[in-house]
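Based on the sequences and whatever the hints tell you, model everything.
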Amino acid sequence: MRTEFILAAITAVNDAVLNSEAELESLDREIGDGDHFINLKRGCATLLAMREELAPLPPADVLQRIGMKLLSTIGGASGPLIATFFMTMAKVEKAGDISTLAEISAAFTASVEAIKQRGKANAGEKTMLDTLIPVANTFSSLTAVNAEPTQVFDAIQQAAEQGMLSTKDMIATKGRAAFLGERAIGHIDPGARSSQIIIHTITELAKQHQAA
Amino acid sequence: MRTEFILAAITAVNDAVLNSEAELESLDREIGDGDHFINLKRGCATLLAMREELAPLPPADVLQRIGMKLLSTIGGASGPLIATFFMTMAKVEKAGDISTLAEISAAFTASVEAIKQRGKANAGEKTMLDTLIPVANTFSSLTAVNAEPTQVFDAIQQAAEQGMLSTKDMIATKGRAAFLGERAIGHIDPGARSSQIIIHTITELAKQHQAA
Amino acid sequence: MKKFINNVDDILTESLSGFAAAHSDIVSLNLEPHFFTRREKAENKVAIISGGGSGHEPLHSGYIGYGMLDAACPGHVFTSPSPDQMLAAAEAVHAGKGVLFIVKNYAGDVMNFEMAAEMLPFENATVLTSDDVAVENSTYTTGRRGVAGTVIVEKVVGSLAETGADLAACKALGDKVNSRTASMGVALTSCTVPAAGRPTFDIDETELEMGVGIHGEPGRRREKMRNADAIVADLVAAILEDLKPTQGSEVLLLINGFAATPLMELYLLYNSAAKLLQAHGLVISRSLVGNYTTALDMAGASITVTLLDDEIRQHWDSPVHTAALRWQC
Amino acid sequence: MKKFINNVDDILTESLSGFAAAHSDIVSLNLEPHFFTRREKAENKVAIISGGGSGHEPLHSGYIGYGMLDAACPGHVFTSPSPDQMLAAAEAVHAGKGVLFIVKNYAGDVMNFEMAAEMLPFENATVLTSDDVAVENSTYTTGRRGVAGTVIVEKVVGSLAETGADLAACKALGDKVNSRTASMGVALTSCTVPAAGRPTFDIDETELEMGVGIHGEPGRRREKMRNADAIVADLVAAILEDLKPTQGSEVLLLINGFAATPLMELYLLYNSAAKLLQAHGLVISRSLVGNYTTALDMAGASITVTLLDDEIRQHWDSPVHTAALRWQC
Ligand SMILES: Nc1ncnc2c1ncn2[C@@H]1O[C@H](COP(=O)(O)OP(=O)(O)O)[C@@H](O)[C@H]1O
Ligand SMILES: Nc1ncnc2c1ncn2[C@@H]1O[C@H](COP(=O)(O)OP(=O)(O)O)[C@@H](O)[C@H]1O
Ligand SMILES: [Mg+2]
Ligand SMILES: [Mg+2]
Ligand SMILES: [Mg+2]
Ligand SMILES: [Mg+2]
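From first to last, the protein sequence lines stand for chains A, B, C and D.
Quick note on this note's numbering: the first sequence kicks off at 1 and runs consecutively.
Quick note on this note's numbering: the second sequence kicks off at 1001 and runs consecutively.
Quick note on this note's numbering: the third sequence kicks off at 2001 and runs consecutively.
Quick note on this note's numbering: the fourth sequence kicks off at 3001 and runs consecutively.
Please keep in mind that the hints were generated in silico from the structure rather than gathered at the bench.
You can trust all of the hints, since none of them are fake.
Simulated pairs of lysine to aspartate or glutamate, DMTMM-like, Cα-Cα distance not exceeding 25 Å:
no.	chain 1	residue 1	chain 2	residue 2
1	C	Lys2224	D	Asp3009
2	C	Lys2002	D	Glu3223
3	C	Lys2244	C	Glu2311
4	B	Lys1116	C	Glu2136
5	C	Lys2041	C	Asp2166
6	D	Lys3097	D	Glu3043
7	C	Lys2176	C	Glu2136
8	B	Lys1116	C	Glu2114
9	A	Lys168	A	Glu113
10	B	Lys1069	C	Glu2032
11	D	Lys3224	D	Glu3207
12	B	Lys1116	B	Glu1103
13	A	Lys69	D	Glu3091
14	D	Lys3002	A	Glu30
15	A	Lys120	D	Asp3175
16	B	Lys1168	C	Glu2136
17	A	Lys69	A	Glu4
Remember, predicted model here, so these are calculated numbers, not experimental data.
Below is the structure:
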């Protein structure tokens, strides 16, 4: 993983999140407390402001600083979960350069695993994990067979989208939507949708870097 | 003044007040605090319930009990003023039977005078007195020349209506509307309107009793 | 109109009964006529009695208790109580040293308390509160309204009465506090009188009412909604224009909510007002923030400033034990 | 959205600063990261720390002071604070006897406090409050929310900590109070998160939301508006179903306003709920009525019942001196 790519991703994700304001806000209004967009926006803005400070650092430090910073800026349920993701990525990167797609995939899987631990949650509970777990699975199975990078990215995008959409018909058992019982049915989980947007944005960026 | 007439007036005034709900409520909403109709309705309902108790009493006692009862039921600004009116009528009646129109007129004038004292107000301040003072004046000048009763009642009705309408262009200097400054202009005073309705109702009743 | 009520006609009795039950350690309720007294009658002091229309809770019943009121007479919603209530309350709490009525300056309250005072068989006096600077003062008119500053008058006079001071001294201190107190309010929404069932005035998302009282009566002017600092600047300017405090004066700052405005916003207003007063060279040595004098379900707030002196500060700080204000005991 | 604000981004800091200035005799504010502590650090006691999203004022900062919290960490509106705040707060108030976190049971709060607890260099424990019976409890799910009952837990545990009790004892009492406390709420309007600028849910004049929490999240069901007694009957039934109190049990009854509901209505609800509890053979020996755990500008209220015993009653009655709860001192 290269610092340069991470910095580019910060900008791209920030744009994508800002472009989804109305949708994310209304998803969290419907089955949450309405602040998911604001929380993400605050996180993105802080990372954006950190780019100069991050630029000279090795990727492990970049990931660790991102994790710590998000931990203290996002708050809410998504804050510690997203932070945990980055802090785990940093740990894996620190342990040994992640550079091949397979290595990235393993790091990603480990980081999603850390989210599961932190949130005491799993697939099927109507959370961001319903996007992240299928993505991790697809990512590792395709890299295991050495699939073409673009093929991998396309498959990830599909898995993310399907996972996100699958939350629509679920009853929630974790997070705020769990308080709603059956009333949560028919609504996509905001964290599942934001994760899918972010994954889509980063894989698009990866495809461009790939092409360049 | 006869007890029977007072009891009939209670019923008639109650009907008239109830019929003016929307108008009185909105007048006091516009330049007051919105309760004038409710206050009057509460007063009327209490008197209605007292009719049996009042029926055997001499007029002076009837007027005194009405005054005391209204004093403890209406509240607000109109309560003590209306109560003062009846308590003064009672005092005059006690001092010597009021039976001729001229005597009634004198008692009315004395009672309006008592309202002026109690409220420290006069004509032109955008209150019920802008209805009551012209009525008192008309009443006494026509009875002084021994005008026909129906002529007197018609003139009173006209004076009341003109007086009530005159409050529309006034700035208030007494009562709640005084807090509004120029914003009170363009609105009829609720107490001026309710007094006019009551006077109209009673004079109509008097005309009927006259005819019968 | 959406409210927690059963029948409109029973609101008052049910709410008063709830208050009496929740605070039975402090107050007793009399039902016919309506008045509250302290649970234990106080002896050897001037009896301090207030009252007014309901809908301003915790005013006045929330201020009954040691160090403040001896009794309070609640009227119907926004309607002055009647003399029979005041007479019965006075009868219940008079302790041989006379009765002081604390009355907000509204035609109805003034006349009803005046009639009670005329009929009262005890020595008595009245403090009229008139702290609302939104209304111009004049001896020819009804004059200024009494609003949230009334709480400060009741606290300070209540404290003095507790020391055994005589009626004249209590009346004099009440008048002094009132003359050193100025308030002004702003509404973001109207309130809804339950029996009327609809908002007293219409106002849209882009407007505010400046200079409102506590009855949903329209204010002095309708204005475009502005930011908090701009609103506070206008309120504070009107208050200082009236009080004309000298540099270095010590003040009490009360940010009063009208009921529907959350504490988060009231503290934001406090922040704004405090900075402004300090910029004017004033020293804020006492503060109060919350819903102390309300207007049914209105969103809005008022700012009150009292110029302190040693006497007023001492009586503000002294122990008080009521449902809505309690400290040092 | 009509609120007293300047810029949406500054609301929190301005409001926290106002709170700190208005109550500078009780609390101190730290700005980066945000946390409040008592003005005078307490010694020789377990440090009691709470925190949560803002918008529930006076929860939690209003409960800092003698007999209750040592520190509180305010998050953004309806957003859990983050571990750095809790770590810094703990650092500031730890007095050698360990730290007890009192945390309302929401995924975000739980995870953030958990991460802080993991990083904390001091002995620590956590009491999770989960009094909201509108949500079914289960170990497989997020479980019940912590709502207004949290105030009772904070008061009682705060009192015990003041006696020098150790961390395990404070944690045990907190868990006990929580297990003996049940709440349920109803909303008449939504609230508006300032940064979102529009109400979280739409609801019309004829409807209510039954079983809501304190974040404008929809409740368990949308119902037709009914009279107060009928609403109270449902809330009380759910609470008693959960607590299953025996005849003659002594309880504390809290009627909590969500912010925009006037005291007049809260006392009417108290009247209704008290009668019902008495009819169920319960003895209401302690009461609290007011806006103690709010949901921004939401109209609505919750009912909380705590089963008292000698220990809980004693710690409820003991002296407390905070901005929002004060007695016996
Ligand atoms: N235990 C959990 N595990 C995984 N994801 C969770 C968990 N709890 C909540 N989430 C995710 O967090 C999202 C909400 O985030 P956000 O709105 O920022 O925080 P909050 O719910 O505290 O307001 C949910 O949509 C869900 O995807
Ligand atoms: N000082 C006064 N003298 C005469 N009439 C007055 C005075 N003050 C108020 N009024 C009358 O009382 C009316 C308002 O009565 P009402 O609404 O019942 O009481 P309140 O103003 O206390 O709510 C006004 O419209 C006005 O006519
Ligand atoms: Mg959220
Ligand atoms: Mg009126
Ligand atoms: Mg009135
Ligand atoms: Mg949140």
